[in-house]
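Number of protein chains: 2
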Amino acid sequence: MNYRFADRMRKTPRSFIRETLKVTEHPDIISFAGGLPNPSVFPVQELAKTAEEVIREDGPAALQYATTEGFLPLRNWIAERYAHRYGISVTPDEILITHGSQQCLDLIGKIFIDKGTHIGIERPGYLGAIQAFSLYEPAFVPISLEMDGPALDDLQNFLQIKNCGFFYGVPNSQNPSGITWSDEKRRAVADSLHDNKGIFIEDDAYGEIRFRGDIPRPVKTMVPDQVVMNGSFSKIITPGMRMGWICAPKPIMDQLVTAKQGTDLHSSILAQRIIYRYLSEYPIDAYIKRISDTYKCQCDSMVRSIQEHFPESVSYTIPEGGMFLWVTLPENISSMEVFARALKEKVAVLPGIPFYTDGGGFNTLRLNFTNSSHEKIEDGIIRLSRVLNRLLEKSER
Amino acid sequence: MNYRFADRMRKTPRSFIRETLKVTEHPDIISFAGGLPNPSVFPVQELAKTAEEVIREDGPAALQYATTEGFLPLRNWIAERYAHRYGISVTPDEILITHGSQQCLDLIGKIFIDKGTHIGIERPGYLGAIQAFSLYEPAFVPISLEMDGPALDDLQNFLQIKNCGFFYGVPNSQNPSGITWSDEKRRAVADSLHDNKGIFIEDDAYGEIRFRGDIPRPVKTMVPDQVVMNGSFSKIITPGMRMGWICAPKPIMDQLVTAKQGTDLHSSILAQRIIYRYLSEYPIDAYIKRISDTYKCQCDSMVRSIQEHFPESVSYTIPEGGMFLWVTLPENISSMEVFARALKEKVAVLPGIPFYTDGGGFNTLRLNFTNSSHEKIEDGIIRLSRVLNRLLEKSER
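Chains as they are written, first to last, in full-length UniProt numbering: chain A, 1 to 397; chain B, 1 to 397.
This list has only true hints and no planted wrong ones.
In silico DSSO-like links for lysine-lysine, alpha-carbon gap of 27 angstroms or less:
id, chain 1, residue 1, chain 2, residue 2
1, A, 162, B, 11
2, A, 115, B, 11
3, B, 162, A, 115
4, B, 197, A, 11
5, B, 115, A, 162
6, A, 11, B, 115
7, A, 115, B, 115
8, B, 49, B, 289
9, B, 49, A, 49
10, B, 11, A, 11
11, B, 162, B, 197
12, A, 11, B, 162
13, A, 197, B, 11
14, B, 346, B, 296
15, A, 162, A, 197
16, A, 250, B, 11
17, A, 296, A, 376
18, A, 11, B, 250
19, B, 11, B, 115
No lab work stands behind these hints, which were simulated from the structure alone.
Work out the full structure, taking the sequences as your base and the hints as a guide.
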C-alpha cells in the first residue's frame, strides 16, 4: 500500500531529541541530553495514598466522563495561585485543564494558526512548541533571544507583519537557554504588544522552579487581554499524569474549549482530582522549595565544574531556575561533532540545532543538570572538557 | 481586543449535545439524551486498590515522563486481546495508547486531512468524529447507513473521488444508530476498499459491549493494510481516565507517533499502569459480561416499553450492543419539536440533526438506555409516547 498523508506531516520535524535520546539511554552514559525532572524528589507515598482515597471516596465521580473545562476546585486553586504568586487576577472561567503543557501548545496552534500564519518564536526556541505548531503549518519568524529577553527590533518587525498570529516565548528559565527575561524587557515587550495589538503566548512551565532572584512579573499582568498563559504540574508535582493548564481571556477560552472537546473531550478527571487533593492535603510550597533547592545544588555543581574545566573561549548561561543551561562554543566548533565525540567518552549532550527554526545554532549545546548526581555532573563536565579542548586545539592548528 | 482565529474554528460545530445536555441536567428530568456508561458497574474498590499499589510499587516509573507509543505491557495486552477475540494478528509496534478514543480521531485527522480532503462518514455518523475531523477542514461525504451497514453505491462513489482521504465508520453498535453491520456488508466493504485502495477507520469503541448475536468479524481482518482500528477502555473499564488506543499498519503508525508527540508527548503513564495492573489482576471477561448483562436488561426494558407505547408509525432499531437506539419519526414530525415538548414533560431526548453532515435527520432521535433505571425507562418512554401521540394527532388534522 502507498499511503497518502496530509501536507503538514512533511513539515513536522521528526524529533531529533527523540532519536538522540535513544543512543544516550545506556546506563554507562552520563546524560545531560534529556530533560527529565529528578525522580528522587517525587512524592511517591503521598500520591499513592491520595490516589487510593480519591477513588474510594469520590467513587464514580472520579471515573466518569467529566466537563471539558476541567475540575472546578482545581481551576479555582490555579486562579488563587496566580493571584497570590503573580498578582494576576483571573476567574476559573479563564482556565482550562489540559493533558500537560504540550497540549496547551497543540490547542493554541489549532485555534490560531492557518497554513502560512506568521508565528514569532524565540531564537533559540522551545522544541516542543516548534513541533506542536509545525503541525498547523505556520511560517516561523525567529526573534533573537538576548541575555535579558527577546530582541525588541525583531519583535517590533514581527508584530507589523500583516498575517501575524502570535509571539510565543518562555520568559522564566527558558528551555533550552536557561535565560530569564529582565523586568525591563517584559515591560518593553508588553508595550510593543499593546501598540501593535499583538498576542503573546507566555509559557510558564518553569516559573515555580526558581532558585535565584525575585519572582519576575509576568507579561500577563501588564496586557492581560493580549496574553495566553500556559502552566504545568509536571515540574512541581510529577509529569507522568500529563496535567497542565491554559489561562486565556474568555473569547479565546471559548475557542480553546471547542478545540479541546474535539481533541480528547476532557482531561483525565481522576488525575485532576488526585492533584487537587494532593494540593489540598500537603504543603506544596515546602515541596516546591525542596525541588528548587535540589536543582539549585545540581545547577551550582555544573556551573562550578564548567568554570573550573571548560576552555575560556566557551560561554554559558547561569540559570535562575528551571532545568537547563546553554553553552555557546567558538563559532568554528560544531556541536554535532562535540556530540559524537562526547558520546565516545560516554557523556551525552544535546546539540542546539533543533531549537532553531531558521537553521543556525551550529555551535550551541543544551545541558540538563537535574538528572545526574553531583559526582556524575563533575565527571561528565570533565570528560566534556577533554573533548572541547581537543577540538579547539585541532581547530587552532 | 479583536481576536483573529484560524479558519477551522468557524467550521467546527459548537457541540449541540453539550448545549442540549446543559438543559437536561436537572435531577427531575429523565434523560435519554446523554451518553454515559452506567456508573453502578464501575469497579471502584478494585481501581482504588490498584492505583495505590501501582504508585507505591512502581514508584517514579509510574510518575515520570514516558514513551510516546505507550506502556509496552498494555500494548501487548491489546495485541493479545485482538488475536483472541477477533483473530487479528498485530504486533505491539502497531498499537499507540491515546487519551481516549476521541484522541484517536484527532490524530487521524491530523495525519490524513488537508483542507478540502474528502472524508467518507456514515449518515448518520458519530458526532465526536464529525467534531474532531472538522478541525482539519475536510469535505464530508455522507455514506447512507442502511440497517445492515453502509450503502455500497455511496461507498463506491466516494472511493472514486480523486482527493479521497478515508472512510470512517463504527461497524459495531454504532453511535448514534445502534446498528451493527452484517458480515456480508463487511465483506463487501472490504472488497470495495481493496479494489479502490481505500483507507478505512474502523472505530470499535463498543465492540466489547455486545449482548446479542455472534462476535462480528472486523473489516481489519479482511484488508489489514488498509484499516486503522480505534479502541477504548471507556466502555469496558471507566471513561474518566481517558484511555484508548489506535491500531494501524506501521507506516501509518510512524506518522501517528510523530503527531502524538507534538500533541501531548504521551498518554498518562499512571493511567496506563493502573489499567494494565487492573487487567492483570481481575477477571476482565467476567466484568465485561456484567456490564453487557446490565445494558441488555436496560435495552430490553426500553425496547419493550417502546413496543407497548409508541405510535405504530414510529420505527426504531433493536441494538445488539452498545448504549443507544435510534428512533425514526414520520417524515413530517420535527425531532426538535419533540425535544422541546418532551422537556416540558421532564424527559430529555437527543434530536438526530447533529449526526448529519449534510443537513437531514430532521425526524430522528437518539435514545440512550444505559443511564436510567428500569422504572425511569418505562416512565420516560410513556411520557415520550404522549408527546408523540399528540404531535401525530396534530399533524393528521
